[in-house]
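These are the residues of each chain, in order.
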Amino acid sequence: MAKTRYAPDRGLTARMTLTMFLLGVVFVAFITVLVLILGATNRVSSGGIVFIAVIVGLALGIGSFWYSDKIALSTAGAQVVTPQDGPDAARLHGIVDRLTALANMPKPRLAIARSPMLNAFATGRNEKTSVLVVTTGLLRSDLDDRELEAVLAHELSHVAHKDVAVMTIASFIGIIAGLLVRFAFYSELFGGGGRSNNNNNNGGALPVVLIVLVVGVVTYAVSFLLIRLLSRYRELAADRAGALLTGQPSALASALQKVSGSMNAIPTKDLRAAEPLNAFYFIPAFKKSEKGGFSLNNLFSTHPSLERRLQQLSEISEQLSK
Amino acid sequence: MGFLDTILGRTKPAQPNLDELFALPTAAITLEAGMDLKPTGIGSVCFRATEGKAFGDIEKDVRELLSMGSDTGSVEVSTDTYGYTWLTCKHAPDDFEALVTDLHAVNSSLQAGGFGPQLLCTLVTFTSDTVHRLGIVYLYKQGTFYPFAPKAGQQRDNAVELQVRGAVGADLKIEPDLSRWFAVWGAPGL
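Note that the protein sequences, when read in sequence, are chains S and U. According to my numbering, the first sequence holds residues 1 to 322 in order. According to my numbering, the second sequence holds residues 1001 to 1190 in order.
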């Protein structure tokens, strides 16, 4: 066996595992508390709310996962292109052809979105339906071929890591908790009559719906932070895999700082139109936090800070030169 | 990718499969017998150079090895528009085995240096009176071959390619997924 220069980042793997473990803990705790509350109070109406929330949550989760490619394509206004659709498409196909051959993975569909923003994202529920979307802004930017290739390698890594599936499953608990809060809130508003009938069964206890609401809010908040953390780790993993695939970590670093520089410029696209796809963007469309330090913005963002990403890439570069 | 790799967001770099290359001389005989396609004596190895000194050192070693080792052959290095490096070996058209041996030497040097995952493809070219140029491309990661017959104006002669697939199907492992038969326009020797 020849030696390998592609050592995995154990620290990153460990942190990612811990995050997913904590998400699992939150999930189990959430279910346990719900079962305990409902079991202790025998409340049929609350049980109904939980049941509906789980069903709707499942439907939403599975639906957005199953149609992730179509949803993303239409939200971004992107068109799937073949190599014959002009020079941009030919260039894109040429680069991705080689990268997929290098990585030994099936080639995803390629799409171009008409947008001046410099961005790229990958989506789709599996390798067959996955689609890689690139904006015209990115294709016509001052990124050279090496930098564009690095960006595409990063997106291909998202496909290879099945990040859409992982993030959908990870978000599931948050979706259910969020729905539960909403339903509990509405039933508080409109379900007053039903509750007074049952009050004799558990006299003096806090309204069950209120407890469910609080549990839902706490679960939602904690899982939200964990999902964002997981998302940042997945980005670092994709940076790493992409840089190792092309063997050019510095090209990715250069592309990152070029793209993030222009993302801070005033975009012409309506923010509301750009927001839903944010989690899968190469660089999120929102203005990033101030440099360094521990800030709330860092905690909430789907992508790691530019400094963190550049630091990892320079470590890989060093590793490749040895 | 295993389940655990997916969960942890890791990619194991795809390692090349080098053994299949030695099926090429047999296929060359079949091509000449069946379709009158003769080797041009030009073959090349395409790889993605990584940044840093380590890769440069190995590349230099490979070049020295090739230019020293063979008296008849010569070696050239070029970079294409996609940023990939092509090491082109030229031999006498009738010395096809020496060409394949040289190409294999490039592969094993890169792999021994830990850069196996950087190998993209190997290309050997053929020609005949009717077919101007035909490339047989070897995909390292799949361990499969496919034909590439360019025509003028970035068109591919699919008829010839499919005919070649039929002709050498018994000698070479042909890539079954047609969508992986990507074009290598302007590759050395084509």
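In case anyone wonders, no lab produced these hints; they're calculated from the structure. You may find that some hints are simply not true.
For the chain U half of the interface with chain S, some residues (derived, Cβ under 10 angstroms), not all of them [to be verified]:
{"#": "1", "residue": "Phe1022"}
{"#": "2", "residue": "Ala1023"}
{"#": "3", "residue": "Gly1041"}
{"#": "4", "residue": "Phe1055"}
{"#": "5", "residue": "Arg1063"}
{"#": "6", "residue": "Ser1074"}
{"#": "7", "residue": "Val1075"}
{"#": "8", "residue": "Phe1115"}
{"#": "9", "residue": "Cys1121"}
{"#": "10", "residue": "Tyr1140"}
{"#": "11", "residue": "Arg1165"}
{"#": "12", "residue": "Gly1166"}
{"#": "13", "residue": "Ser1179"}
{"#": "14", "residue": "Phe1182"}
Every residue, glycine too, gets a C-beta built ideally from N, C-alpha and C.
How the hints compare with the structure:
At about 18 angstroms, the closest approach between the beta carbon of phenylalanine 1022 (chain U) and any beta carbon in chain S exceeds 10 angstroms, and the interface hint on this residue is violated. At its closest, the beta carbon of alanine 1023 (chain U) sits 19 angstroms from a beta carbon of chain S; the interface hint therefore is violated under the 10 angstroms criterion. Checking glycine 1041 (chain U) against chain S: minimum C-beta separation of about 25 angstroms lies over 10 angstroms; hint violated. Evaluation of the phenylalanine 1055 (chain U) hint against chain S yields a held restraint, the C-beta minimum of about 7 angstroms falling below 10 angstroms.
Restraint check, arginine 1063 (chain U) versus chain S: the minimum CB separation of about 18 angstroms is more than 10 angstroms; hint violated. For serine 1074 (chain U), the interface hint is violated, since its Cβ never comes within 10 angstroms of a Cβ in chain S; the closest pair sits about 26 angstroms apart. Of the supplied interface hints, the one on valine 1075 (chain U) is violated, with its beta-carbon coming no nearer than about 22 angstroms to a beta-carbon of chain S, more than 10 angstroms. With its C-beta approaching chain S no nearer than about 7 angstroms, phenylalanine 1115 (chain U) sits inside the 10 angstroms limit, and its interface hint holds.
Annotation: interface hint on cysteine 1121 (chain U) holds; nearest CB of chain S at approximately 7 angstroms, less than 10 angstroms. Proximity of tyrosine 1140 (chain U) to chain S holds as hinted, the smallest CB-CB distance being about 8 angstroms (cut-off 10 angstroms). At a threshold of 10 angstroms, the smallest CB-CB gap from arginine 1165 (chain U) to chain S is about 18 angstroms, leaving the interface hint violated. Taking 10 angstroms as the C-beta contact cut-off toward chain S, the hint placing glycine 1166 (chain U) at the interface is violated, the least distance being around 23 angstroms.
Against a cut-off of 10 angstroms between C-beta atoms, the interface hint on serine 1179 (chain U) holds, since the closest Cβ of chain S lies about 6 angstroms away. The interface hint given for phenylalanine 1182 (chain U) is met, as the beta carbon of that residue sits about 4 angstroms from the closest beta carbon of chain S, less than 10 angstroms.
Checked against the numbered hints given earlier, this structure breaks hints 1, 2, 3, 5, 6, 7, 11 and 12; the rest are met.
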